[in-house]
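A.B. asks: These are the residues of each chain, in order.
There are 2 protein chains.
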Amino acid sequence: MNAGLNRVYPTGHEARMAVRRGEHRAPTAGIAPGYVQANLAILPKAQADDFFRFCQFNPKPCPLLAASEPGDPRLPTLGEDVDIRTDIPRYRLWQHGKLQAEVSDLKDVWRDDLVAFLIGCSFSFEEALVEDGIRLRHIDQGTNVPMYRTNIATRPAGPFHGPLVVSMRPLKPADAIRAVQITSRFPSVHGAPVHIGKPEMIGIRDINKPDYGDPVEVKDDELPVFWACGVTPQSVIAAMKPEFSITHAPGYMLVTDLKNSRLAIL
Amino acid sequence: MNAGLNRVYPTGHEARMAVRRGEHRAPTAGIAPGYVQANLAILPKAQADDFFRFCQFNPKPCPLLAASEPGDPRLPTLGEDVDIRTDIPRYRLWQHGKLQAEVSDLKDVWRDDLVAFLIGCSFSFEEALVEDGIRLRHIDQGTNVPMYRTNIATRPAGPFHGPLVVSMRPLKPADAIRAVQITSRFPSVHGAPVHIGKPEMIGIRDINKPDYGDPVEVKDDELPVFWACGVTPQSVIAAMKPEFSITHAPGYMLVTDLKNSRLAIL
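Sequences listed follow chains F and G, in order. For the first sequence, numbering that gives the first Met the number 0 gives the first residue as 0, with consecutive numbering after it. For the second sequence, numbering that gives the first Met the number 0 gives the first residue as 0, with consecutive numbering after it.
Be aware that a few hints might be false.
Copies of the same chain look alike in the list, so a pair counts if it fits in one copy or across any two.
[Stated by the list, open to error] Straight-line C-alpha distance at most 30 Å; calculated DSS-like pairs for lysine-lysine:
hint	residue 1	residue 2
1	LYS208	LYS171
2	LYS218	LYS171
3	LYS59	LYS197
Simulated from the structure, these hints should not be mistaken for lab results. On a predicted model such as this, the values are computed, not experimentally measured, just so you know.
Take these sequences, add in the hints, and give me the full structure.
C.D. replies: If you want it as structure tokens, here you go:
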């Protein structure tokens, strides 16, 4: 993904309208600076109640920003006119855990029993880190953040269970301390790191071989810092193999009307 | 030092009165749980203005809780009846940077030009860590925390200059993250760590050989976490070799009427 080629919109609403009109079909990183973007998971009502509990049990990887009423594509707390069927540039359709198709809207597949879950995304806290002067290597490289399956179990809910997935950002020790302070202020977008240094302690065998995303170098004067990652719920849903589910395509998020700064608790 | 043998007093005031009456002559760790204890440095007025600036320039190692008027032994913001000449169990008298004597009061040496500086102490944040369930090895061992001179320079003020001294506590990564959060709430008692992991980056050659205090083991599943230390001002004063100065003896602090919890900014 190369966010540098994207047009930048002054508000989340304008970015979202560009997506809805089909004018923006690229990844959404950086297209509306200051505005919250969200991960998407859509499940039938039959699985949604358990997934709701899964999010509540695992708030660090699954910080739930909003959920729709069954069959209702609106998410008024994220933006008055949000329509989850049209406002994301690229969706993935899954059947029994297998990717069936990537589509640019959900008009043909929407059902009366679907519940949309919008989950906080690290873009929000990354913006706060960068604004504080902390360099993030995957952003400098224009690549996806490296992500790893860990040996830390999530707390299961009904059929949903599986390992915590973490993202990793290499930081100098003083920046790592500052990053703990900054991200602690953002509990609704994964919050403070879950681990620092010593990848082997959380079951990561080779830091240079992430399970998702792209590798980044960890230099001698840096510590790898690990945050709970929104890929966790996607991986848990894939493992549970529901009859039907929908997610956003990685990097193609819902841009909301919420300001990142308003997610800060302090 | 062995705090376990000390009597415990219900308030800082009662502990301080026991010191003043000569009933308590031991180190002060743990004698008034919940109450702020402070490091002491006393300098003649001729050096005090520069030292004031040194504290302001270096708030992490030298968080100034209070300073007296020249010649005035009272510190009303720390406790209405504090008399710095009598309320610490053991003082050290220095001349031109050399230790001259240890005494149990300052009645014979007090001068009209002396200024007392009371500096925040890690006891306050350690209490918050322990209350949160974080084990601190030097406390479990009943030893002094290990301290190291670093290659980090303090910001000089007049004749006062020298390296930052840090204290070290080994913590599991998740506890290290939590410790950053907790100690960030206590900027007036050294605040967040200044470094984590990688001792060599701050000029520490052998973690097992502290420059002050006692060594503690750093286990394979732990990171050494480093905080700015109140020994920094003592070391800077010793290097500057003022004509006359007074400090507390290590571990023998001023117990104040302030509650540790009231130092938390959030």
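A.B. asks: Against this structure, judge whether each hint is valid.
C.D. replies: Taking the hints in turn, this is what the structure says about them:
Proximity of LYS208 to LYS171 under the C-alpha cut-off of 30 Å is found in both arrangements, the shortest distances being 21 Å within a copy and 24 Å between copies. Taking the shortest Cα distances, LYS218 and LYS171 sit within 30 Å of each other both inside one copy (9 Å) and across copies (22 Å). For a Cα distance limit of 30 Å, the shortest separation of LYS59 from LYS197 qualifies both inside one copy, at 20 Å, and across copies, at 28 Å.
Hint check: no violations occur; every hint is consistent with the structure.
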